[in-house]
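Visitor: Read top to bottom, the protein sequences are chains P, S and A.
Going by my numbering, the first residue of the first sequence is number 10, and it counts up by one from there.
Going by my numbering, the first residue of the second sequence is number 691, and it counts up by one from there.
Going by my numbering, the first residue of the third sequence is number 383, and it counts up by one from there.
No lab work stands behind these hints, which were simulated from the structure alone.
Glycine residues also receive a C-beta, built at the ideal position from the N, C-alpha and C atoms.
Below, a sample of chain P positions facing chain S; criterion: calculated Cβ distance under 7 angstroms:
#	residue
1	A87
2	R98
3	F100
4	M110
5	T111
6	F114
7	T163
Listed next, the stretches of chain P that the computed footprint assigns to chain S, with coverage defined by at least 3 CB atoms under 8 angstroms from CB atoms of chain S:
#	region
8	88-95
9	101-107
10	118-125
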Amino acid sequence: MAEALVVRNLSKRFGGLRAVQNLSFSINEGETVALIGPNGAGKTTSFHLITGFHRPDEGSVTAFGREIVGLRPHDICAHGLARTFQVARPFGGMTVLANVMTGAFLRDKRPEVACAKAYEAIEFVGLSAKAHTPARDLTTIDQRRLEMARALATEPRLLLLDEVMAGLNPSEIDQAVALVGKLSKRGLTIIIVEHVMRAIMAVARHIVVLDHGQKIAEGGPKEIVKNQEVVRAYLGSGYVHVATAGET
Amino acid sequence: MQRLCSPAFIGLAALAGVLIVLPLVVTSHFAIDICIRILLFAFIGVAWNLMGGYAKQLSLGHAAYFGLGAYTSTIMQIKFGISPWIGMLAGGVVAMLASLPIGAVCFRLRGPYFAIATIATAQVLMLLFLKFRDFAWGAEGTTIPNLGNTPLMMQFEAKAPYYYIALAMLALGLAITYRIERSWMGFYLVAIGEDEDAAEAVGVNAPQVKRNIYMISAFLTALAGTFYVQYIYFIDPNTAFNFNISVEAALVSIVGGIGTLWGPVIGTVLLEVTSALLQSWLGSGLGGVQLTVYSLILISVILWRPTGLLGVFTDAYKWIVRAPPAREAAIDG
Amino acid sequence: MLETVVQAVINGLLIGGIYALVSIGVTLIFGVVKIVNFAQGEFVMIGMYISYFLATYFGIDPLLSLAISMPVLFVIGVGLQHFLIRRVLGLGDMPQIFLTFALSLLLMNVALLLFTANYRTLHTSYSDLALHFAGLYVPVAKLVAFILAMVLSGILRVFLHSTDMGKAMRAAAQKPEVAMLMGINPDRVFCVATGVSLALAGAAGSLLMPFYPASPTAGQVFVLMAFVAVVLGTLGNIKGALIASLMMGIAESLGIQFVGADSGLIVVFAMLLLTLAFRPNGVAGGSAR
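Can you build the whole structure from these sequences, using the hints too?
Guide: Dropping the structure here:
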């Protein structure tokens, strides 16, 4: 299997804080990988580094055979990596359709084509009924759906989802898990940052665990749950997350 | 064919008809002068709105481009005898080129500090032109030699031709806005205005899009500058780079409806008619009244109707014709 | 030559003290309320007229009228925050910029209607006094204004560091969400911050009056200087604004001395544009909002 993403020795400091240290991992095409860890472990920073929003101090990121460190976020998106934000950032004044069309214009500048593709993506995430609603009027889960649709409309090969399930109720989490599964079936490679353990176990075959900016473990869900380092990291600072993850 | 029968098209055609016939009916110099001012400032507003309204890059320095356009054509005309028609285009190109370095500096900033930086650029240009005595007449400025009725030099005895030039410029500005609004560029601009990072994340090359729209906006604003000095036959740095031009460009858009096609037009009609009424009631002697009223209108709009007064009219229109929500309204203010 | 330079530096430093009062006000509102007050210069102008009229009608010395202009502007500031600024917080750039911008236009033009465009100067007993030493010349009025400006900045610093309200302001400036958790009522903190900021502008106006003419547009130069100083000194940073203001005053004065009488502003704007061009990431908020 070809490698979709190879991250090597990625490091980033903010002042004295080592947000990410020497992070290396790789993902095969078509795989779904979860990036987990306690709060402040460097998950979101890793996303920022991979997608060009922050420039790493050291290290390399190779996506589909091309070095992408140093590229601007829009170039990285054009190269096939689309992301969502931890706190959804829809274009509030635009309708759902216009939001998603904005993404679709990346591959085709013709409005009628972008519109058709946007409708398709909106239907895929189950937001068709609200296509003409201004994005700022959507509920939290719908804003997340919108962000996914907008990212999908850019026709990515690799999708980076940042805590798309935070703050959702259990039935909404089930819907979101189903959606991620559907995306994966389409052949998309997915990296997902998540706190909700139940969801991670359901979607990811492979898990990378971060703590204090460093990778402390990596493996399949069953190994990870038993891994002493992981348990210690979570007990140390984020035990509550694991314990309550099922209920959130 | 269906489009030709739509109420919007019929309305537009009727409006165009009225505007074209207007100078034949209205003969008062005062009235036609106000019409020309309205068309001109609506055009400047439309040019500002492309960048300030759609992409929310709130410039307060568009006088820089107005002045560059004015000076380019005037220098070409007086020093080299070149027609202002050509000077107008040259001025547009100069403004476009000037917007590149200015944008490179100012776009590093966001929000209020972008606005402040743009004020500074217009002020610096004004101060520089006060110093340019050799090729730009310094602080005293110059009158434009009156050649009588010479259409090729953009000089006319009657007011009507000026009116038609201003009308044509406004039509051009609106047509460009209409095209951009419905293309990918319009979506990209609004997306940048909403959230630049999120726009980048879906593949929008924000710096490039901002640079391009700034060039278009600067080009159009410069055309207005040339037209204005040809109309008043006089130029000096304080006229060409006047801060009030920057202010009015932004003001008419915000009052009318920021980031909408017709917003700047509605805003200009409202403000200029108010100003003309004030002038006829109070006489022109009372300095400060006009801007006092403008600023009160602006504060009221911001506090009670930040999307602009255009919405009041469209709501009223919808209420009257009971039309279903417009299908094409993919972008909401 | 050296003397000319030193003289220019002294002139610049003295006026820089006034710039500092205005800049500190701008940076205080920006830090706490997250608003750029485009009308700050007009409040300097109001302070000038207060002192002017108190001096002409009641014979009160402009330095004494500080005791009136500062409280009056404090109250105006609280009102401004409570009735206007509060309503546009969190609404995005357009309303936030254009509200205070419109206010600036309004105040300037109302002043024009009320007081006409005439320059009004005050002549005090010390207006013409100057200290002479080593061939240098230090006007007393400017020196007193500078000293009082520095004293007021010092008092502000003590206020911010040792009173509960001051600490609340600093907390609100650094970590709004933490300030909220500490049980600080943000509205009250915002009102006091805007009030204090305007009081400083009023003080600047009163201190200027013995040697600077009042006019409806008098505040504009000061607010432009303040914006530049605030950008140079990092937004929201009071010490930075103070030092930058003094530097701006000196730069302007050197510009006037060596480039030409009308070049002060060019030098200042050039400094602003150069700063913007060479400071990576820009200054207002970095890359992530």
